[in-house]
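Enquirer: Sequence lines, in order, name chains A and B.
Our numbering numbers the first residue of the first sequence as 1 and each following residue consecutively.
Our numbering numbers the first residue of the second sequence as 1 and each following residue consecutively.
In short, the hints are calculated from the structure, not lab data.
Check the hints yourself; a few may be wrong.
Within a straight-line C-alpha distance of at most 25 Å, the following computed DSS-like cross-link-like pairs (lysine-lysine) qualify [as the list claims (entries may be wrong)]: (1) B:Lys20 x A:Lys171; (2) B:Lys171 x A:Lys20; (3) B:Lys168 x B:Lys2; (4) B:Lys271 x B:Lys244; (5) B:Lys25 x A:Lys38; (6) A:Lys171 x B:Lys171; (7) A:Lys137 x A:Lys192; (8) B:Lys137 x A:Lys2; (9) B:Lys244 x A:Lys168; (10) A:Lys168 x B:Lys168; (11) A:Lys25 x B:Lys244; (12) A:Lys25 x B:Lys168; (13) B:Lys25 x A:Lys20; (14) A:Lys2 x A:Lys47; (15) A:Lys168 x B:Lys25; (16) A:Lys38 x B:Lys168; (17) A:Lys192 x A:Lys171; (18) A:Lys168 x B:Lys20; (19) B:Lys143 x B:Lys192; (20) A:Lys137 x B:Lys20; (21) A:Lys168 x B:Lys38; (22) B:Lys25 x A:Lys171; (23) A:Lys137 x A:Lys25; (24) A:Lys168 x B:Lys47.
Number of protein chains: 2
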Amino acid sequence: MKALRLALMGFGNVGQAFGKMLLEKQEEIQDRYDTEVKITAIATATKGNLYNPEGIDIAKAIEDAEKNGSFNGPDLTELGGIELLEEAEYDCLMELSPLDIFTGQPATDHLMIAISRGKHAITANKGPVAWYFRDLKYLAEEKNVGFYYETVVMDGTPVFNLVEHTLKMAKVTEIRGILNSTTNFILEEMEKGCDMDDIMARGRQMGFIEADPAMDIEGYDAAGKVTALLNVLMDAGIRPDQVKRKGIEDITMDDIRAAASRGNVIKLLCKGSLDEEGNVIAEVGPQEIPRTDMLASVNSTTSIVSITTDLMKTVSIVEHEPEIEQTAYGVFGDMLRVLER
Amino acid sequence: MKALRLALMGFGNVGQAFGKMLLEKQEEIQDRYDTEVKITAIATATKGNLYNPEGIDIAKAIEDAEKNGSFNGPDLTELGGIELLEEAEYDCLMELSPLDIFTGQPATDHLMIAISRGKHAITANKGPVAWYFRDLKYLAEEKNVGFYYETVVMDGTPVFNLVEHTLKMAKVTEIRGILNSTTNFILEEMEKGCDMDDIMARGRQMGFIEADPAMDIEGYDAAGKVTALLNVLMDAGIRPDQVKRKGIEDITMDDIRAAASRGNVIKLLCKGSLDEEGNVIAEVGPQEIPRTDMLASVNSTTSIVSITTDLMKTVSIVEHEPEIEQTAYGVFGDMLRVLER
């Protein structure tokens with residue numbers, strides 16, 4: 001039996017959920033791909049780092065992370081994250097480190113190091129795809145390795161794979177989507193007439209409003225996602241700071257009520273389209289949507305992307321109220337693509 | 001350069017739209033697959049049959065069909081449809097003959113003949129996938145040829161390919177959908193308070209209410225589609241007559257108003273799920289849906305399938321108001337799969 005050796009940068013909720021999925025499906029993977037998937041390295045900011053070229057005990061790593069918040073045992077290593085990336089034995093990097101939407105770093109550097117070493121690379125981090133997509137893509141092509149990023153937009157829900165594998169030869173001409181849960185939740189609750197302080201408190205309690213919600217509310221997260229979509233699906237070659245971005249910070253209850261009086265709701269819409277010269281125009285901003293429109297029914301943590309192509313008009317794909325397992329499935333599915341190479 | 005030779009059974013709207021798409025994309029196909037796609041045989045019920053092992057003039061066939069409703073010229077043949085299937089030179093059958101939802105014939109026989117000869121087979125006809133899926137699948141496996149049917153549900157919108165190519169290793173546990181445009185249009189118009197005679201007249205004018213609308217209104221079309229979905233995606237091994245089927249023929253304006261008073265709309269829902277023993281249960285019937293639910297926003301000729309799996313919860317895919325080109329893209333995409341083999 002062959003082996004695929006993974007190095008994980010980051011081992012938070014997604015990494016742990018991925019580890020569980022891998023353990024659960026290990027046998028089926030072996031049957032299907034005649035390959036055993038091992039994790040040989042895990043680097044984290046707060047739990048310590050693990051390294052074992054023969055394969056880390058995944059169940060133990062998950063248990064230690066959950067119970068103690070830190071690793072222990074014989075696989076603990078003094079090697080730092082970058083050292084592991086540069087020196088450890090692995091076939092594929094799985095980049096799960098925290099996002100910096102303003103720079104795409106250090107995730108991009110991690111991917112560059114791995115790909116430069118001829119390793120496949122998977123990222124769940126939208127920063128690199130938003131900021132450095134072409135660089136990463138060209139480097140991966142040059143090194144003849146896989147570079148996968150399905151999780152970057154809508155978790156494991158196929159968006160990039162949808163176009164690449166099921167809409168072959170169709171040329172994308174427009175993309176519209178609702179891609180930020182936090183703003184979607186806030187707008188929906190405002191619609192119900194809830195008080196803003198109360199909305200923020202409940203959103204924090206439910207775990208999808210961050211301590212500092214500006215990233216979401218001012219549209220930076222949505223801008224990162226639409227940039228990733230447009231870079232991959234429309235070869236836009238743009239950065240998040242080139243998106244015409246407006247958040248929902250100025251939306252008032254009066255705006256919501258005025259929209260309602262017109263039979264509309266307000267949603268934070270992501271959009272990419274072509275101008276007359278064929279350049280891709282990227283926008284994020286609040287927009288009034290008729291209440292009967294499908295987009296108006298996208299509530300809470302549900303998200304949607306509508307993709308218009310020359311051959312298939314508009315096809316939409318919807319992710320319904322995902323949990324952490326759906327993010328884990330995104331990188332799991334990318335790993336299956338590596339196995340198929 | 002290699003060649004792929006197609007035999008078309010049927011050359012109505014879909015066949016002609018496919019022909020145009022093929023002509024438009026011929027060059028790109030040659031660049032991408034190093035293969036020239038030819039049509040060597042076309043059999044029709046009313047236009048005559050064409051055969052040329054070197055390739056029929058596709059543009060002329062389309063023009064003759066559009067202008068004269070019949071073929072002419074040197075490629076006209078006395079060979080009948082079955083004779084062409086049995087004797088003509090081709091690599092792949094494209095089955096576009098009219099549907100008989102009660103038997104799946106003669107389309108299934110056409111496919112059987114071609115596959116038995118070791119030819120790839122593509123069908124846009126849901127009958128064979130609803131009635132004889134396993135037989136066709138096993139025969140194609142035995143003969144080591146491709147058997148493709150993406151168009152059977154929601155035209156070229158990926159449904160089967162979505163699961164096979166983008167939700168790998170995810171096990172489908174439930175399917176829900178709105179898949180019949182005619183009933184969807186009628187219910188929507190009733191909702192607006194329109195008179196039934198008027199609805200039927202306009203539906204006929206718009207081309208999506210048949211002269212005899214019973215197939216749609218009594219749920220046979222939807223039952224055929226849900227059977228196809230369940231046979232492929234849940235290995236159900238069922239026939240359309242095993243679907244628990246109820247149409248919208250008994251829905252009255254009072255029902256619609258009563259639903260509205262509860263904040264609901266009535267939709268003809270297709271559903272497949274597992275019972276406690278793991279058997280697939282297939283149902284088609286009118287159901288009340290909350291007006292705020294995404295399914296309630298699926299109007300007119302738009303359709304939706306929601307697929308629930310063990311690993312990715314629920315993902316929905318939506319086709320927005322398709323035209324004939326979207327059906328043509330379904331078989332075009334299947335042809336690209338053949339080219340990739």
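Enquirer: Next step is simple, just say for each hint if it's right about the structure.
Expert: Do the hints match the structure? See the list:
A hinted pair counts as satisfied when its Cα atoms are at most 25 Å apart, and lysine 20 (chain B) with lysine 171 (chain A) qualifies at roughly 17 Å. About 17 Å separates the Cα atoms of lysine 171 (chain B) and lysine 20 (chain A), which keeps this hinted pair within 25 Å; it holds. Taking the CA atoms of lysine 168 (chain B) and lysine 2 (chain B), the gap is near 31 Å; set against the 25 Å cutoff, the hint is violated. Annotation: proposed proximity of lysine 271 (chain B) to lysine 244 (chain B) holds, straight-line Cα distance about 10 Å (limit 25 Å).
Distance restraint check for lysine 25 (chain B) and lysine 38 (chain A): the Cα-Cα separation of roughly 44 Å exceeds the 25 Å cut-off, and the hinted pair is therefore not satisfied. With a CA separation close to 30 Å, the supplied pair lysine 171 (chain A) and lysine 171 (chain B) exceeds the 25 Å bound. Under the criterion of a C-alpha separation no larger than 25 Å, the hint pairing lysine 137 (chain A) with lysine 192 (chain A) is inconsistent with the structure, at around 44 Å. Simply put, lysine 137 (chain B) and lysine 2 (chain A) have alpha-carbon atoms about 30 Å apart, too far for the 25 Å limit, and the pair is violated.
Distance restraint check for lysine 244 (chain B) and lysine 168 (chain A): the Cα-Cα separation of roughly 36 Å exceeds the 25 Å cut-off, and the hinted pair is therefore not satisfied. Distance restraint check for lysine 168 (chain A) and lysine 168 (chain B): the Cα-Cα separation of roughly 18 Å lies within the 25 Å cut-off, and the hinted pair is therefore satisfied. A hinted pair counts as satisfied when its Cα atoms are at most 25 Å apart, and lysine 25 (chain A) with lysine 244 (chain B) does not qualify at roughly 34 Å. The suggested pairing of lysine 25 (chain A) with lysine 168 (chain B) holds, with an alpha-carbon distance near 12 Å, which does not exceed 25 Å.
About 45 Å separates the Cα atoms of lysine 25 (chain B) and lysine 20 (chain A), which puts this hinted pair outside 25 Å; it is violated. For the hint linking lysine 2 (chain A) to lysine 47 (chain A), the alpha-carbon distance of about 30 Å lies beyond 25 Å, and the restraint is violated. With a C-alpha separation of about 12 Å, the suggested pairing of lysine 168 (chain A) with lysine 25 (chain B) holds against the 25 Å cut-off. Straight-line distance between C-alpha atoms of lysine 38 (chain A) and lysine 168 (chain B) comes to about 19 Å, which keeps the hinted pair within the 25 Å bound.
Using a Cα cut-off of 25 Å, the hinted pair lysine 192 (chain A) and lysine 171 (chain A) is violated, with the two alpha carbons roughly 40 Å apart. Taken as a hint, the lysine 168 (chain A) and lysine 20 (chain B) pair is honoured in the structure, with Cα atoms around 17 Å apart against an allowance of 25 Å. About 53 Å separates the Cα atoms of lysine 143 (chain B) and lysine 192 (chain B), which puts this hinted pair outside 25 Å; it is violated. Distance check on the hinted pair: lysine 137 (chain A) and lysine 20 (chain B) sit about 34 Å apart at the alpha-carbon level, beyond 25 Å; violated.
Between lysine 168 (chain A) and lysine 38 (chain B) the CA atoms are separated by roughly 19 Å; this keeps the pair inside 25 Å, and the hint holds. Pair hint lysine 25 (chain B) plus lysine 171 (chain A) holds up; C-alpha atoms about 12 Å apart against a cutoff of 25 Å. For a cut-off of 25 Å, the pair hint linking lysine 137 (chain A) to lysine 25 (chain A) is broken: about 29 Å separates their Cα positions. Between lysine 168 (chain A) and lysine 47 (chain B), the direct Cα distance comes to roughly 32 Å. Violation of the 25 Å bound is thereby established for this hinted pair.
Taken one by one, the earlier hints fail for this structure at numbers 3, 5, 6, 7, 8, 9, 11, 13, 14, 17, 19, 20, 23 and 24, listed in ascending order.
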